[in-house]
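Q: Okay, here's what each chain looks like letter by letter:
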Amino acid sequence: MRKSRIVTVFMLISIMFTSLLFANGQSEESTTADKLFTIGMSQCNLGEPWRVQMNADVKSEADKYDNIKVIYKDAQNDTLKQRSHVEEFVSAEVDLLIISPKEAQPLTGPVSAAMAAGIPVIVLDRAVIGDDYTQFIGADNVIIGKAAGEWVVETFGGKGAKVVELMGLQTSPPGQDRHNGFREAIKGSDVEVIFEADVKWLEPNARKEMESALSRFDDIDLVYGHNDPAAHGAYLAAKAAGREGDIQFIGIDALPHEGVAYVKDGILNATFQYPTGGNIAIQQALKILAGETVEKNITLGSRLFTTDNVDTGGVELK
Amino acid sequence: MTDSTQTSALMKEGRFVRFLSSSAGRATIAFVLVMLLGLIFNADGAFFKLGMHRDALRQASVFGILAVGMTVVIITGGIDLSVGSILAVSAVLFSILTLHLDWPAWISILSCIIVGAGLGAISGTLIAVTKLQPFIATLAMMTFGRGVAKYITGGQKISTYLTNSDGEVIIKELPRIFKVIDSRIMGGNIAIVSIIFLFCLLITWLFLAKHKWGRELFSIGGNEESARLSGVPVKWTKFLAYTVSGIMCAIAGIAQAAQETQGDPEAGGGYELTAIAMVVIGGTNMAGGRGGMGLTLIGILTIGYLEKILSINAVPESGRLLITGVIIVLAVLTQRKNRN
Amino acid sequence: MNSDLSTPVIAMRGIGKKFGRVRVLENIDFEIFPGEVHILAGENGAGKSTLMKILSGVYTSYEGTISMNGKIIAPATPLEANHMGISVIHQELSLIPSMNVRDNLFLGRPVTSLGFVHDREQKKKALSVLNDLGLDVSADALIEDLSISMQQLIEIAKAISINAKVIIMDEPSSSLNSKDVEILFSLIEKLKKQGCGIVYISHRMEEIKRLANRITVLRDGKFVGTSLAEKLPTPKLINWMVGREMTNMFPRYEMNRGKEKLRIENLTVSDNEKTHVKGINLTVNSGEILGIAGLQGCGASELLMGIFGAYNRKTADHIYLNGKEISIKKPSDAIKKNIALLTNDRKATGLVLSMSIIANICMSGLVELSQWGWRSIFGEISATEKQAEALQIHASSYEMEVGMLSGGNQQKVAIAKWMQISPEVLLLDEPTRGIDIGAKHEIYQLMNEWTKQGISIVLITSEMPELLAMSDRVIVMHRGSLTAEFTREEADAENILAAAMGKETIRR
Ligand SMILES: Nc1ncnc2c1ncn2[C@@H]1O[C@H](COP(=O)(O)OP(=O)(O)OP(=O)(O)O)[C@@H](O)[C@H]1O
Ligand SMILES: [Mg+2]
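Chains as they are written, first to last, in this note's numbering: chain A, 1 to 318; chain B, 1 to 340; chain C, 1 to 508.
None of these hints come from the bench; they were simulated from the model. Glycine included, C-beta positions come from ideal geometry on N, C-alpha and C. There may be inaccurate statements among the hints.
Listed next, the in silico DMTMM-like pairs over lysine to aspartate or glutamate satisfying Cα-Cα at most 20 Å (straight line) [unchecked claim]: (1) C/LYS231 x C/GLU31; (2) A/LYS162 x A/GLU184; (3) C/LYS347 x B/GLU225; (4) A/LYS264 x B/ASP166; (5) C/LYS179 x C/ASP132; (6) C/LYS179 x C/GLU463; (7) C/LYS329 x B/GLU224; (8) B/LYS150 x A/GLU48; (9) B/LYS150 x A/ASP57; (10) B/LYS179 x A/ASP265; (11) C/LYS330 x C/GLU424; (12) B/LYS179 x A/GLU244; (13) B/LYS235 x C/ASP333; (14) C/LYS329 x B/GLU225; (15) C/LYS329 x C/ASP271; (16) B/LYS210 x C/GLU401; (17) C/LYS18 x C/ASP29; (18) A/LYS162 x B/ASP44; (19) B/LYS49 x A/ASP218; (20) C/LYS209 x C/GLU245; (21) A/LYS64 x B/GLU168; (22) A/LYS73 x A/GLU87; (23) A/LYS162 x A/ASP190; (24) B/LYS210 x C/GLU399; (25) B/LYS131 x C/GLU273; (26) B/LYS172 x A/ASP265; (27) C/LYS209 x C/GLU230; (28) A/LYS159 x A/ASP219; (29) A/LYS59 x B/GLU168; (30) A/LYS296 x A/ASP131.
Pulled from the structure, derived: some chain A residues nowhere near chain B, Cβ distances all over 12 Å [as the list claims (entries may be wrong)]: (31) TYR65; (32) ASP66; (33) SER91; (34) MET115; (35) PHE156; (36) ARG183; (37) GLN283; (38) GLU292; (39) THR293; (40) VAL294.
Kindly produce the complete structure, drawing on both the sequences and the hints.
A: If you want it as structure tokens, here you go:
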């Protein structure tokens, strides 16, 4: 049929067109210096803004140096895909591998294989099992959750506070850690969690749950969101109910255009940075490539941004 | 079916029985069940507050708009898996146009609707002309649409916080249109998004019930070959069905963006399943040919209220999944036509 | 078989059935004896199919009792009835089109070993069943690739292969051609000899006369009578069925042949697989009934479909209406030119069973019945009332789903849909399939009426008496080509059959 042939041709053209667009986006080459190092960056899921930020941090740091080139791969939240990405990097003989693994167990093997092939591996954010890697860089969610809890206890200084906790996915370690850290810090104080819900990191869910909390409780002092979008969603709900003035909102992650911007904008009272470690990874990679020995584990420090200090870049948490 | 003797003993023949044995009546059973759940587990009286009901309707609105389009498609015997992705495209496009490019609201809205209709039309063409199965065609569109949303945003949310060339974050004023869409009227008792939803439902209902096109949709869903041989413009009608679904996604996307004050390329993930559940619980037949907008409204309210009631009771995630699953099965069981 | 002819295998007593508030059966007694053919007759909607569905476990709530060899039974599902030895060939085919013949034969009771389907054994059994019946078909053929006629025979084979004590055949011949009807009849003889009791539902008088041992007649859900066949002469049977005398079955009195209405030149119809019709020329005059005869697969149905634009591939052909050339690319083009096609399978290609009577009747004329696309409810109701009255469609409400109507009433709805567009040319493919004799008579009268108004009719029918009595002219097709043309006077069963087998007698 003529019609369907036309449709097919049209489709083919548009396919070629789009693939060209994407190809353009990918071939960003840095100019060659004396010795060019190729670094493979295996990201487990670019669907999360925080991980997009991690890649951005890697890129902005890497752009400062002429002698490294980074190849990015996104496993789209698929363990097996990430596994084959690592294997592809190994057979492409990259000079160094940075991996932010989706899961520990299934990726431990491929990482060991890379090490065995003589490729140094930096593991970012989530660990692998054992110690067959060059370096682990990551932050500690329990510590950050605890810091958030301590901040609340301190801020309400003995007056007591009724808290709504909007949790990240409770089947994921970060969600559990941010919950446990917070609870540990408020234990024994008169800060009380009156409503909690698993919003799975998602802002629309947070708004829904907050609306329920608002209709149920007339007295809410603070919302603790396990990430900034959750806190932001809660703020929008409170604002719609005209109660945003009575409630404080705190979140975690502190991405520049999310949490930090929210604090600047007066939406959040505080946000606790969960650093991506992207920039540190490149710095460490350069050291490794230069043949220096590096620490086995680096625990990243976190920063606190509040209304008072956000313009000066926040303060380091102990 | 086993209790048919009891029921008939309980109720004498009459309007009530006839209503209960109609599709609408059977859909209402599930809804009433959910409302009873709310009465019993009223979360210290929160269920009786007006605000709760307003919020329940508002929260169901975005899903409801999707379900309206989905109903049209399902009546033809098709399915549209791409609704969540087209919603995301519309949400980010709307945010880019209004927040970053400062386009006037109405041009932005129109552009989003045109893009949504266009994406729906592509599915429609693949299905009506190229004869791809709806499941496959819209599955492809679901992936493609998500790709579009991520491509035009670079994977980042589009919000009032812009990073300029120096890496500094600047904060822009939220345009008025966002506030207008996410506001309430009638003494704060009804949200604008709910009105948008009800408006979409009403218009589509009018077309389904009173327009030639509605009849044609049903006839195609009932028996495509008979419809074709009776002179029904099968291709055109199907094409329009998916286009209308695309338009609904675009509207839902704008409503979503306005409520989030940003355009999230990940928005709408999994929404297609909720929309399908709403349609099916209402009693529209997945095989096509039977159903209607009124039924879908009942389905939307059933799921909307269920979510709200579970939420005000702070039921943990596991419990929510369990209860929702059971309610869906119960609702569809009561939907099933008794053979005799 | 030690069959005792004095006691019935099945005795149904005082059977009653209501759908909602509509009573469709009232106090029916019905018995089946081993080794007999028991004809169940009655007008459309009399409740014949419903009674048999009760017996075969399709409907489980009813009044009265069923006993089998003296024991009360209550089959709850068709499968359960199957296991009891009650087997049904439904009016509507119940095979699975995408599966092959042998899997369909053993559907629900596959030949297994250790829980796995034993393919080889199953095939062997299937072949023996097919051989026994003398069916010339591969056990591996897909159902959807077979002709309707063959599908019907497979359906029968399936019913027989379970060693049924009672076999119910609900209008089995309505989709068989004359050759296959003979196969069916010889099968029935065989079954009778095996002591199997057979219930046979049909609207065809010649079949009833030929097969019947006993006849039971229902009317409007009520029991009229049971009689031995030889004690029930045809006029009395008809009287029992329709409640009045009927004299002239085929009322084609005068013909009103006028000017040329439709002329087809060099029409070829093919699809991806084969050419169904090869370069056919024909003309129909206004007020004329042109009969088309031919065996199954001769291309007559495809010819009508081709004229109607239902096939999208056509080569250099010309269609003239009232002397002017017209272009028909799709069915809606034909409808715009007031050409209507009543297809031969109302369920698959004629009606939308899930929609109401109104919606079906107004389906083709929807453009005229709406303004700016908005439908006129009153317009639709009055159109439906007009057509329903003209065709005597019996239904408790016009909002009722067409799927709930009896077969004959469904056919009338399909016809009504086409009358609604005020056709100039009516292409009728088996218009009286499954219609009771009263209604048939009405349709013949209507055909007379229509031709009087100048409507041209092209008629395909597999019932020879109908063809001979109603056609003003007969053309015969064989393998997609014309082999003969007869005037009303020349046409008789013999020379039509000869031409249908491929004997060229065409004169110029
Ligand atoms: N599922 C149903 N719901 C409501 N009414 C029904 C249903 N099935 C059948 N009927 C009605 O019951 C009556 C008897 O129908 P049935 O199919 O038994 O007729 P029949 O004698 O087999 O007619 P035919 O010769 O046309 O096949 C009809 O009036 C029909 O409309
Ligand atoms: Mg019947």
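Q: For every hint, state whether the structure bears it out.
A: Hint-by-hint comparison with the structure:
Annotation: proposed proximity of C/LYS231 to C/GLU31 holds, straight-line Cα distance about 18 Å (limit 20 Å). Between A/LYS162 and A/GLU184 the alpha-carbon distance is near 16 Å, which keeps this suggested pair within the 20 Å criterion. As the CA atoms of C/LYS347 and B/GLU225 are separated by approximately 10 Å, the hinted pair is consistent with the 20 Å bound. Simply put, A/LYS264 and B/ASP166 have alpha-carbon atoms about 18 Å apart, close enough for the 20 Å limit, and the pair holds.
Distance restraint check for C/LYS179 and C/ASP132: the Cα-Cα separation of roughly 17 Å lies within the 20 Å cut-off, and the hinted pair is therefore satisfied. For the given pair, C/LYS179 sits about 12 Å from C/GLU463 by alpha-carbon distance, which is consistent with the 20 Å threshold. Under the criterion of a C-alpha separation no larger than 20 Å, the hint pairing C/LYS329 with B/GLU224 is consistent with the structure, at around 18 Å. Between the alpha carbons of B/LYS150 and A/GLU48 the distance comes to roughly 11 Å, so the proposed pair stays at or under 20 Å and holds.
Restraint check for B/LYS150 and A/ASP57: satisfied, since their Cα atoms lie roughly 19 Å apart, inside the 20 Å limit. Pair hint B/LYS179 plus A/ASP265 holds up; C-alpha atoms about 16 Å apart against a cutoff of 20 Å. Between C/LYS330 and C/GLU424, the direct Cα distance comes to roughly 18 Å. Compliance with the 20 Å bound is thereby established for this hinted pair. Pair hint B/LYS179 plus A/GLU244 holds up; C-alpha atoms about 15 Å apart against a cutoff of 20 Å.
Between B/LYS235 and C/ASP333 the CA atoms are separated by roughly 15 Å; this keeps the pair inside 20 Å, and the hint holds. Distance hint between C/LYS329 and B/GLU225 is fulfilled; the C-alpha atoms sit about 16 Å from each other, no more than 20 Å. Taking the CA atoms of C/LYS329 and C/ASP271, the gap is near 14 Å; set against the 20 Å cutoff, the hint holds. Straight-line distance between C-alpha atoms of B/LYS210 and C/GLU401 comes to about 18 Å, which keeps the hinted pair within the 20 Å bound.
Between C/LYS18 and C/ASP29 the alpha-carbon distance is near 16 Å, which keeps this suggested pair within the 20 Å criterion. With a CA separation close to 17 Å, the supplied pair A/LYS162 and B/ASP44 stays within the 20 Å bound. A hinted pair counts as satisfied when its Cα atoms are at most 20 Å apart, and B/LYS49 with A/ASP218 qualifies at roughly 12 Å. A hinted pair counts as satisfied when its Cα atoms are at most 20 Å apart, and C/LYS209 with C/GLU245 qualifies at roughly 18 Å.
Distance check on the hinted pair: A/LYS64 and B/GLU168 sit about 18 Å apart at the alpha-carbon level, within 20 Å; holds. Of the supplied pair hints, the one linking A/LYS73 and A/GLU87 holds, its CA atoms being roughly 12 Å apart against a limit of 20 Å. As the CA atoms of A/LYS162 and A/ASP190 are separated by approximately 9 Å, the hinted pair is consistent with the 20 Å bound. Restraint check: the Cα-Cα separation between B/LYS210 and C/GLU399 comes to about 15 Å, which is no more than 20 Å; the hinted pair holds.
The hinted pair formed by B/LYS131 and C/GLU273 meets the criterion: a straight-line CA distance of about 18 Å does not exceed 20 Å. Between B/LYS172 and A/ASP265, the direct Cα distance comes to roughly 10 Å. Compliance with the 20 Å bound is thereby established for this hinted pair. A distance of roughly 9 Å separates the Cα atoms of C/LYS209 and C/GLU230; the hinted pair therefore holds under the 20 Å criterion. Note on A/LYS159 and A/ASP219: the hinted pairing holds, with a Cα-Cα distance of about 14 Å set against a maximum of 20 Å.
Between A/LYS59 and B/GLU168 the CA atoms are separated by roughly 16 Å; this keeps the pair inside 20 Å, and the hint holds. A C-alpha spacing of about 9 Å is found between A/LYS296 and A/ASP131, which places the hinted pair at or below 20 Å, so the restraint holds. Every beta carbon of chain B lies more than 12 Å from that of A/TYR65, the smallest distance being close to 17 Å; the non-interface claim holds. Listed as a non-interface residue, A/ASP66 keeps its Cβ farther than 12 Å from every Cβ of chain B; the least gap is roughly 20 Å.
Consistency note on A/SER91: stated as away from chain B, and its beta-carbon is indeed over 12 Å from all of that chain's, at 27 Å minimum. Separation of A/MET115 from chain B is adequate, the least Cβ-Cβ distance of about 30 Å exceeding the 12 Å criterion. The Cβ of A/PHE156 sits about 22 Å from the closest Cβ of chain B, beyond the 12 Å cut-off, so the non-interface label holds. With 12 Å as the threshold on Cβ separation, the claim that A/ARG183 sits away from chain B holds: the shortest Cβ distance comes to roughly 15 Å.
With a minimum CB-CB distance of about 18 Å to chain B, A/GLN283 clears the 12 Å threshold, and the non-interface call stands. At the 12 Å boundary, the C-beta of A/GLU292 stays outside the reach of chain B, the nearest C-beta of that chain being 29 Å off. Distance to chain B confirms A/THR293 as a non-interface residue, since its nearest Cβ pair spans about 32 Å, more than 12 Å. Every CB of chain B is more than 12 Å from the CB of A/VAL294 (nearest about 27 Å), matching its label as outside the interface.
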